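Q: As a plain string of letters, each chain reads:
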Amino acid sequence: DAKTTQPTSMDCAEGRAANLPCNHSTISGNEYVYWYRQIHSQGPQYIIHGLKNNETNEMASLIITEDRKSSTLILPHATLRDTAVYYCIVRLPYSGNTPLVFGKGTRLSVIA
Amino acid sequence: DVKVTQSSRYLVKRTGEKVFLECVQDMDHENMFWYRQDPGLGLRLIYFSYDVKMKEKGDIPEGYSVSREKKERFSLILESASTNQTSMYLCASSFGARSSYEQYFGPGTRLTVT
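Chains as they are written, first to last, in our numbering: chain U, 133 to 244; chain G, 9 to 122.
To be clear, the hints were calculated from the coordinates, so they are not data collected in a lab. From a predicted model like this one, the values you see are computed outputs, not experimental measurements. No false leads were mixed into what you were given.
Derived BS3-like pairs (lysine-lysine); straight-line CA-CA distance at most 25 Å:
hint, chain 1, residue 1, chain 2, residue 2
1, U, 135, U, 184
2, U, 236, G, 65
3, G, 65, U, 135
Covered stretches of chain G (in silico footprint by chain U; criterion: 3 or more residues with CB under 8 Å from a CB of chain U, positions within the stretch not fixed):
hint, region
4, 48-57
5, 111-117
Computed beta-carbon distance windows for the label pairs:
hint, chain 1, residue 1, chain 2, residue 2, range
6, U, 153, G, 48, 19 to 25 Å
7, U, 147, G, 77, 48 to 54 Å
8, U, 236, G, 17, 20 to 26 Å
Built from N, CA and C at the ideal position, the CB exists for glycine as well.
Chain U extracted, bound-state conformation (with noise of 0.2 Å):
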């Protein structure tokens, strides 16, 4: 799987859009991205996924650029329970009964 870089911390207004970034320069033209979250004291929750097409969920949006380096996930409208690790992840497709593998992540945190 290609390793994913992604900034420690991040703060959003309630009710703004979260912009949160992530690098995956070395990802393979197979290789999906892939959002999770860990809201405190709770399992990791999985958000969406993508290829190479934008893709939006209940959750969120998943911008992808062309040459498939970097992605955004977007939560259109952030609230307090927002606040969260997100981690983003690059892995092959078919791989689902393969370990996730999560890096430090970014912790957003969503003030009022």
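The hints should help you fit chain G onto chain U, whose structure is shown.
A: Okay, now just chain G, sitting in the frame of chain U:
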């Protein structure tokens, strides 16, 4: 709604005790995983299982064993608990290799060994 449950949220055990951590999923997933999470070290894989009675060592299996007698249940066993096994233990499950890629996590068990 998908669900992974763990037997305890908090557990306190004494050094040398045998400890059982249970994980149950109701999604008919083939794969199940045990991780531990420590400050500054992130999540580390202990063991995983891709089928009933099958197991594979992860990055840090020493001092642990696992059991998967039924598809829905994956147990982590600390044969003789030690203080350096004080940690948050997280169980996860996922579909088989050819389908969905996301892993679903339980709420975690915070184990303290005194």
